[in-house]
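Chains A and B, in that order, give the protein sequences. If you read the first sequence in the numbering used here, its first letter stands for residue 13, the second for the next number, and so on. If you read the second sequence in the numbering used here, its first letter stands for residue 4, the second for the next number, and so on.
These are calculated hints, taken from the structure and not from any lab test. Bear in mind the structure is a predicted one, so any value in this text is a computation, not a measurement. Check each hint, because a few of them may be wrong.
Stated by the list, open to error - Subject to a maximum C-alpha distance of 25 Å in a straight line, what follows is the list of computed SDA-like cross-link-like pairs (lysine to any residue):
1) Lys-250/B x Cys-221/B
2) Lys-270/B x Arg-284/A
3) Lys-66/A x Thr-103/B
4) Lys-288/A x Gln-232/B
Here is how the chains run, residue by residue.
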Amino acid sequence: MMPPKIMESYHTQADVWDELMSEKGVRESYHHLVKTIDTLPAEELDNKDELAKKLFMTQGITFTVYSDNEGVEKIFPFDIIPRIIEAREWAIIEAGISQRLKALNIFLKDIYHQQFIIKDGIIPAKLIYSCPLFLREMINVDVPFDIYSHISGIDLIRDADGSFYVLEDNLRTPSGVSYMLENRSITFRIFPDLIPRNNVRRVIEYPSLLLQNLMGLANRQTSNPTVVLLTPGVYNSAYFEHTTLARLMGIELVEGRDLVVENHHVYMKTTRGLQKVDVIYRRVDDDFIDPLTFRPDSVLGVPGIYWAYRKGNVAIVNAMGNGVADDKAVYSYVPEMIRYYLNEEPILKNVPTYELNVPENRSMVFANMDKMVVKKTNESGGYGMLMGNKATPEEMEAYKKAILEDPRNFIAQPIINLSSSPCYINGKLQPRRVDLRPFALYGPEGIKIVPGGLTRVALREGSLVVNSSQGGGSKDTWVLGS
Amino acid sequence: MLSRVAESVFWLARYMERTNGLLRVLRTNYVASQDEMKEYNWRSVLQTYGYLNPAQIAKIEYDSRAVLQYVLLDRNNDASLINNITRARENAKAVQDHITKEMWHNLNAYYLLIREPQIEQTVKYGDPLTALDALLKHGLFLYGTITMTMTRGEAYNFLNVGQYLERAIISTDVTDIKLKEVGYDLKHEAMLPSLRYLLFSLSGYETYLKSSKGVVECESIMKQVLYNQDFVHSILYCMEHIDRYFKRLHLQSISESYQPVQFLIGKGLSNLKYSSCNLKDGASIKSLLVQTRKDLQQISRALNTNYFGYT
Numbered sequence: 013m014m015p016p017k018i019m020e021s022y023h024t025q026a027d028v029w030d031e032l033m034s035e036k037g038v039r040e041s042y043h044h045l046v047k048t049i050d051t052l053p054a055e056e057l058d059n060k061d062e063l064a065k066k067l068f069m070t071q072g073i074t075f076t077v078y079s080d081n082e083g084v085e086k087i088f089p090f091d092i093i094p095r096i097i098e099a100r101e102w103a104i105i106e107a108g109i110s111q112r113l114k115a116l117n118i119f120l121k122d123i124y125h126q127q128f129i130i131k132d133g134i135i136p137a138k139l140i141y142s143c144p145l146f147l148r149e150m151i152n153v154d155v156p157f158d159i160y161s162h163i164s165g166i167d168l169i170r171d172a173d174g175s176f177y178v179l180e181d182n183l184r185t186p187s188g189v190s191y192m193l194e195n196r197s198i199t200f201r202i203f204p205d206l207i208p209r210n211n212v213r214r215v216i217e218y219p220s221l222l223l224q225n226l227m228g229l230a231n232r233q234t235s236n237p238t239v240v241l242l243t244p245g246v247y248n249s250a251y252f253e254h255t256t257l258a259r260l261m262g263i264e265l266v267e268g269r270d271l272v273v274e275n276h277h278v279y280m281k282t283t284r285g286l287q288k289v290d291v292i293y294r295r296v297d298d299d300f301i302d303p304l305t306f307r308p309d310s311v312l313g314v315p316g317i318y319w320a321y322r323k324g325n326v327a328i329v330n331a332m333g334n335g336v337a338d339d340k341a342v343y344s345y346v347p348e349m350i351r352y353y354l355n356e357e358p359i360l361k362n363v364p365t366y367e368l369n370v371p372e373n374r375s376m377v378f379a380n381m382d383k384m385v386v387k388k389t390n391e392s393g394g395y396g397m398l399m400g401n402k403a404t405p406e407e408m409e410a411y412k413k414a415i416l417e418d419p420r421n422f423i424a425q426p427i428i429n430l431s432s433s434p435c436y437i438n439g440k441l442q443p444r445r446v447d448l449r450p451f452a453l454y455g456p457e458g459i460k461i462v463p464g465g466l467t468r469v470a471l472r473e474g475s476l477v478v479n480s481s482q483g484g485g486s487k488d489t490w491v492l493g494s
Numbered sequence: 004m005l006s007r008v009a010e011s012v013f014w015l016a017r018y019m020e021r022t023n024g025l026l027r028v029l030r031t032n033y034v035a036s037q038d039e040m041k042e043y044n045w046r047s048v049l050q051t052y053g054y055l056n057p058a059q060i061a062k063i064e065y066d067s068r069a070v071l072q073y074v075l076l077d078r079n080n081d082a083s084l085i086n087n088i089t090r091a092r093e094n095a096k097a098v099q100d101h102i103t104k105e106m107w108h109n110l111n112a113y114y115l116l117i118r119e120p121q122i123e124q125t126v127k128y129g130d131p132l133t134a135l136d137a138l139l140k141h142g143l144f145l146y147g148t149i150t151m152t153m154t155r156g157e158a159y160n161f162l163n164v165g166q167y168l169e170r171a172i173i174s175t176d177v178t179d180i181k182l183k184e185v186g187y188d189l190k191h192e193a194m195l196p197s198l199r200y201l202l203f204s205l206s207g208y209e210t211y212l213k214s215s216k217g218v219v220e221c222e223s224i225m226k227q228v229l230y231n232q233d234f235v236h237s238i239l240y241c242m243e244h245i246d247r248y249f250k251r252l253h254l255q256s257i258s259e260s261y262q263p264v265q266f267l268i269g270k271g272l273s274n275l276k277y278s279s280c281n282l283k284d285g286a287s288i289k290s291l292l293v294q295t296r297k298d299l300q301q302i303s304r305a306l307n308t309n310y311f312g313y314t
């Protein structure tokens, strides 16, 4: 395909995989899209960009930033150009994530029961017991169907050769799925007819798949289980997502204060009195879920819920204690877990990861810090991270000091050149770095991954950090049918 | 339905109705202020819809634009329109899974509208009626959306109980304010103009003209405001609708909660309907208004205790 006019200002970078352009020109999967954009009048993309912003605002797809006693409504930045994934690429992602999740679930069951993986010397006991997210309270707790991570968001990136790597696993309360759904509904408003013409697979089934899984987890004696979504409340930055999911599944959105535990059963306070709750999709962190067992100062949780859970009277999704499996230091052992539990070779690669409690790793990382990204093992959202190529000598020194004080708390990875994808910025298409978070649902019937996900994009030129807290945005993700 | 959700839906409706009532009062007063031979005094509006001290009131009571800015857009004024709409939206935000998407979008758009710089500009420098009408129109659009999209379930019934309870309170309060302006003296020379504005504030002037053939007269105005069963802002109409929508909650309620509230609604309705109020006597009207206000407060408290989890 000849480079269209709109592509004239689009310059890819060396050693970076571009989702749109190959050495031969525009990739086949993008032909329709580029052709459509190219036929639009010059100002039309600006209009579409404006329309998208307006739609997010008027539909209340916002989060509130409170300052000076006044709430300011903000939208999560959205780029109008979709990211396209071909069917054969998706097949690899799907198989790789399923494999990984199977292994991680067996790992969680194992680590909270017999601990064969430690006894067989695959993972050091010290690494597990020093993880603050390992919950002793979960030892020997049986969870329904032995499933721990019912909802997972696996962050993938693409290196210069185009192969996918897992950057991190999110097995606790991964967020962003509502943006996957809303981005799609905004895209068909701004590019009518383009989605069907491109044979894009649907993401709309996500809420019904999730509800099916949640209902399946209820106690088998209950024919019509009550499923609720537990939110920390309206001030949580992901509140929009909680309310969207509750609405799309037709379940109650509850806060901790709406629930009460009596005789190890969980009830919600309704206008008709107390109503028994069977399954809780919680979006409250482990620490806050039960003040009687975890943080006593938590007002977001429900006193006594842990014991109701432990007795099997209520199912909690995701299970408590999953943090030990998405700890950034444990992450480096996932390929080994796959080999150990499944006797298979990992389909998706890990980014090489150096545990900094190993002295040799530490020396190597300190000597090459400008080529490394250093991360705290238990933080997310782009916090607690040092990008070596952008850091000042003072910042590097501060990190070195912190690492020496508590080496278990840090890992380092070589800086990976995230792939770039076209974004419409300042009136022209420009490449910006992206990652991909597909959402996997693990239920009694197996693992299902909705074809799509959240593509996060680093909107700042040259930035490799895609987190929304660090100036990142998102775009619609199209997985093409075969 | 969760008690918290029921409460949020109830209050969402109350804040919306309060918004509508406040806009009508401001519109009527603004029109009146432009039709006065002498400078119009906004004191009673400022006293009712604000928290200014007498000195602060004295400073702006003759300045229509300053009053409108304070009552419409001042975030520091707890009773301002912008705060009402913000609270309605906050309540709606917390119960999005119980209201329709259209209703949420509409309420969110209302919130965005009042924050538009254009509204403030118009109030400050342009024609304030344009701003007031735009806001009123959006409010009506919201009521239409509720009627056309909401399922007639528990949430809809709580919405209506909240809406009619608030409207009954507003009609009672606005009538009281207007009668207080003339010291409840029905023969006062300012009585009839005052009652005319009362009808404007309650959107009842046209209804009144049709039934009275153009004669503006105190007793029949009071009859309309208090007892007209076809006039949507009459206190009796509102009380009957509180009763109607509350009865629909019967099947979704437990008897211990339902009975005490139903009793108070019935009592309030009887107190109003079968009162021996003399509509030619200011003191008699005052006593009825005081009693009605008390009954409405008791209903609200009973809902708190029996349905919203306040013990």
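So, going through the hints one by one against the coordinates:
Annotation: proposed proximity of Lys-250/B to Cys-221/B is violated, straight-line Cα distance about 34 Å (limit 25 Å). Distance check on the hinted pair: Lys-270/B and Arg-284/A sit about 24 Å apart at the alpha-carbon level, within 25 Å; holds. Using a Cα cut-off of 25 Å, the hinted pair Lys-66/A and Thr-103/B holds, with the two alpha carbons roughly 20 Å apart. At roughly 43 Å between alpha-carbon atoms, Lys-288/A and Gln-232/B are farther apart than 25 Å, so this suggested pair is violated.
Checked against the numbered hints given earlier, the structure breaks hints 1 and 4 and satisfies all the rest.
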